[in-house]
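Visitor: Turn these sequences into a full structure, and let the hints guide you.
Number of protein chains: 2
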Amino acid sequence: MTNTPADTIINVLDQVIQSADKPAHLHEPRFNGNEWQYVKECLDTGWVSSVGSYVNLFEEKLAEKCGVSHAILTVNGTAALHTALILMGVKSGDEVIIPTLTFIATANAVTYCGATPHFVDSDAHTLGIDAVKLDNYLAQNTMQSNGNLINKNTGKRIAAIVPVHIFGHACNMVTLSTVANKYNLPIISDAAEALGSFYHNKPLASYGDISAVSFNGNKVITTGGGGAILTNDDKIAAHAKHITTTAKVPHKWDFVHDEIGYNYRMPNLNAALGCAQLEQLDTFVESKRRLAERYIEKFSENDAVRFIQEPEGCRSNYWLCAIQIHDANKRNETLQSLHDNGYICRPIWKLMHTLPMFQNCPRMDLAIAGQLEQTIINLPSSVKLGLTQ
Amino acid sequence: MTNTPADTIINVLDQVIQSADKPAHLHEPRFNGNEWQYVKECLDTGWVSSVGSYVNLFEEKLAEKCGVSHAILTVNGTAALHTALILMGVKSGDEVIIPTLTFIATANAVTYCGATPHFVDSDAHTLGIDAVKLDNYLAQNTMQSNGNLINKNTGKRIAAIVPVHIFGHACNMVTLSTVANKYNLPIISDAAEALGSFYHNKPLASYGDISAVSFNGNKVITTGGGGAILTNDDKIAAHAKHITTTAKVPHKWDFVHDEIGYNYRMPNLNAALGCAQLEQLDTFVESKRRLAERYIEKFSENDAVRFIQEPEGCRSNYWLCAIQIHDANKRNETLQSLHDNGYICRPIWKLMHTLPMFQNCPRMDLAIAGQLEQTIINLPSSVKLGLTQ
Numbered sequence: 001m002t003n004t005p006a007d008t009i010i011n012v013l014d015q016v017i018q019s020a021d022k023p024a025h026l027h028e029p030r031f032n033g034n035e036w037q038y039v040k041e042c043l044d045t046g047w048v049s050s051v052g053s054y055v056n057l058f059e060e061k062l063a064e065k066c067g068v069s070h071a072i073l074t075v076n077g078t079a080a081l082h083t084a085l086i087l088m089g090v091k092s093g094d095e096v097i098i099p100t101l102t103f104i105a106t107a108n109a110v111t112y113c114g115a116t117p118h119f120v121d122s123d124a125h126t127l128g129i130d131a132v133k134l135d136n137y138l139a140q141n142t143m144q145s146n147g148n149l150i151n152k153n154t155g156k157r158i159a160a161i162v163p164v165h166i167f168g169h170a171c172n173m174v175t176l177s178t179v180a181n182k183y184n185l186p187i188i189s190d191a192a193e194a195l196g197s198f199y200h201n202k203p204l205a206s207y208g209d210i211s212a213v214s215f216n217g218n219k220v221i222t223t224g225g226g227g228a229i230l231t232n233d234d235k236i237a238a239h240a241k242h243i244t245t246t247a248k249v250p251h252k253w254d255f256v257h258d259e260i261g262y263n264y265r266m267p268n269l270n271a272a273l274g275c276a277q278l279e280q281l282d283t284f285v286e287s288k289r290r291l292a293e294r295y296i297e298k299f300s301e302n303d304a305v306r307f308i309q310e311p312e313g314c315r316s317n318y319w320l321c322a323i324q325i326h327d328a329n330k331r332n333e334t335l336q337s338l339h340d341n342g343y344i345c346r347p348i349w350k351l352m353h354t355l356p357m358f359q360n361c362p363r364m365d366l367a368i369a370g371q372l373e374q375t376i377i378n379l380p381s382s383v384k385l386g387l388t389q
Numbered sequence: 001m002t003n004t005p006a007d008t009i010i011n012v013l014d015q016v017i018q019s020a021d022k023p024a025h026l027h028e029p030r031f032n033g034n035e036w037q038y039v040k041e042c043l044d045t046g047w048v049s050s051v052g053s054y055v056n057l058f059e060e061k062l063a064e065k066c067g068v069s070h071a072i073l074t075v076n077g078t079a080a081l082h083t084a085l086i087l088m089g090v091k092s093g094d095e096v097i098i099p100t101l102t103f104i105a106t107a108n109a110v111t112y113c114g115a116t117p118h119f120v121d122s123d124a125h126t127l128g129i130d131a132v133k134l135d136n137y138l139a140q141n142t143m144q145s146n147g148n149l150i151n152k153n154t155g156k157r158i159a160a161i162v163p164v165h166i167f168g169h170a171c172n173m174v175t176l177s178t179v180a181n182k183y184n185l186p187i188i189s190d191a192a193e194a195l196g197s198f199y200h201n202k203p204l205a206s207y208g209d210i211s212a213v214s215f216n217g218n219k220v221i222t223t224g225g226g227g228a229i230l231t232n233d234d235k236i237a238a239h240a241k242h243i244t245t246t247a248k249v250p251h252k253w254d255f256v257h258d259e260i261g262y263n264y265r266m267p268n269l270n271a272a273l274g275c276a277q278l279e280q281l282d283t284f285v286e287s288k289r290r291l292a293e294r295y296i297e298k299f300s301e302n303d304a305v306r307f308i309q310e311p312e313g314c315r316s317n318y319w320l321c322a323i324q325i326h327d328a329n330k331r332n333e334t335l336q337s338l339h340d341n342g343y344i345c346r347p348i349w350k351l352m353h354t355l356p357m358f359q360n361c362p363r364m365d366l367a368i369a370g371q372l373e374q375t376i377i378n379l380p381s382s383v384k385l386g387l388t389q
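Protein chains in written order, with this note's numbering: chain A, 1 to 389; chain B, 1 to 389.
I should point out that these hints are in silico values taken from the structure, not numbers from a laboratory.
These figures come from a predicted structure and were not determined experimentally.
Just to be clear, a hint being listed does not mean it is correct.
[To be verified] Think about it this way: if two alpha-carbon atoms lie no more than 20 Å apart in a straight line, the pair counts; the simulated PhoX-like pairs of lysine-lysine are: (1) A:350 <-> B:22; (2) A:61 <-> A:241; (3) B:252 <-> A:330; (4) B:91 <-> A:91; (5) A:248 <-> A:235; (6) B:252 <-> A:350; (7) A:182 <-> A:156; (8) B:22 <-> B:252; (9) B:350 <-> A:252; (10) B:350 <-> A:248; (11) A:22 <-> B:252; (12) B:22 <-> A:252; (13) B:40 <-> A:40; (14) B:330 <-> A:252.
Guide: So, in structure tokens, the structure goes:
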């Protein structure tokens, strides 16, 4: 009898995950620190909204943790990314280079600027943008004009590159930075999944000209919903704070707003939760890495399944553990078997360029992303599953 | 010695507000109900984000309270208004009629659709859109073409009217509805400030083809940050839920998104706070109306100051109590005196058409709004100030 991929995976999951933890969801939050103390203080003082000290405290601690000068909290990761795109000069009519293999927020945020996503392929190893393929593609399909990079096929300006650190694994930022410099494009790093990851011994979220992180309920740490913009530039940081808080000019009573702004601030209540969660980030990541090690050990015993490991130079948070199966035709039946056995696993996202609203966007050959999309499955990755027992 | 407006106002405030409540801010939240219990339950169960029962419960109770079939929670009032505009068919290149006398969110939300605010004047009595003046203006400046209302001066389509119920006081919705019908324009009601107000014995927030409310920290009830879309239309409600939650098509594992969507959902943590606050809405409004009655009584003793009372047919929540002084030149010195005496009062908002990003937008004569802007001052209006002592 031949083992199916489902048999192999379920066999490993049964060894790694306690039956008491089933059904095992993909990623559950954990509140084991000062969450209640801080949240209760918000309620007791009445400071739940725009007034209160947790926003400032969380911004300060987050910047420190991420090795950047400034963190500006936002209402969610999508808002952070939208704001980062604006701050890097993305305008209506521009194109923005993003991987087709990403969560929908990356593509949506580009459209909020009135810009168009320009989809590029992924690297099978890192799951992120293939920087070498991108370089060759840009060389053939773009030209410089008045200091702008123009897509020769559409005539539109290409305004930025948005690498996404899929599941917490770093893109090849060394090569990508070289490419970005060559074409004079800013890098807006979608680090929604990357908090707690390191790249060449520096926090991964600190890479890029600006970056955006997420504290959604399924992320390593959560604020219910939330995100942040990270930058080392004082002026950009001030501008980020300004436009995420309706672009109101400070005055003791007057309401002067000096540009189009957004209501993207994070409420103090959610920031209080974030402060407590951030205190536990390191132990959460340790636990998640321990879980990944257990998966790696067990999956190494057979070659029917590739467990996706951190790329060279990256110390990953293993936000979501993931495997790749060989036979794309078996993906859906595998997922069904996993669900039936109490493992609430997921495929990776549908490729952006296949969704109806993005089908006509510019794109390169996307063969590797296509293979990855058909064969990747995420495994249960909650912090609690990696605790020392 | 002649009394200045400041003398008159401070004299009244000293009678109405206990010195223990100074400095008296404009509007402070109050958490005296089940806030702790509900929020703690979120932390204990781990349901702080998109999973959890408080979002559904708050939507159900809010719809009931507002007398509509559906309430769809959003991350804030601006997000609710933006979504409502999309749902009512506002497109890039359109114009949307809004009062110039409003908070910045009304105008910003229009721009998020790629549309342009078209500013109209206010009624001195209701502070809302002057429907009769609007009717005359539209008669002279627009024409029908292929079922669309076209601004003859710009050639652009006028897509909707957005009345704003300033400080909780109802616009003249009877006349405005007649005008909207005449020109075949949908009414998107900006009811951010109107929760708990009634108009002709029905909840004010239920008026219009769709409406948006806010639970910002300074509103009658708060979720830290939050808002909601209200509608009686089943299809629009379903669409609202869809596009505020990234337009993901339900599936047990697949990620299909079928249109441009937004990350506008309210986290369960904030919805928990909202459930507790909504239980207290009626008593909060009673308290605020009691405070308004005290102000009315005291201000009636002199004619240097007009206290802005609820318009005919409206039972207002008196979200922010407001007065109008006669001499616009004395506004700033009056505000300074109030601040110096521990009353943290504010003027009304700067008129939208005077802000740099909206100076070139189409507009009618705005004389009444100009007078109101120069002479209105908001008074401390917190729930606690109206409690029975």
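Visitor: All hints, please: hold or fail.
Guide: Going down the list of hints, with the structure as the test:
no., hint, in the structure
1, A:350 <-> B:22, "violated (57 Å)"
2, A:61 <-> A:241, "holds (16 Å)"
3, B:252 <-> A:330, "holds (17 Å)"
4, B:91 <-> A:91, "holds (18 Å)"
5, A:248 <-> A:235, "holds (16 Å)"
6, B:252 <-> A:350, "holds (14 Å)"
7, A:182 <-> A:156, "holds (19 Å)"
8, B:22 <-> B:252, "violated (55 Å)"
9, B:350 <-> A:252, "holds (14 Å)"
10, B:350 <-> A:248, "holds (11 Å)"
11, A:22 <-> B:252, "holds (17 Å)"
12, B:22 <-> A:252, "holds (17 Å)"
13, B:40 <-> A:40, "holds (8 Å)"
14, B:330 <-> A:252, "holds (17 Å)"
Of the numbered hints stated above, those contradicted by the structure are hints 1 and 8, listed in ascending order.
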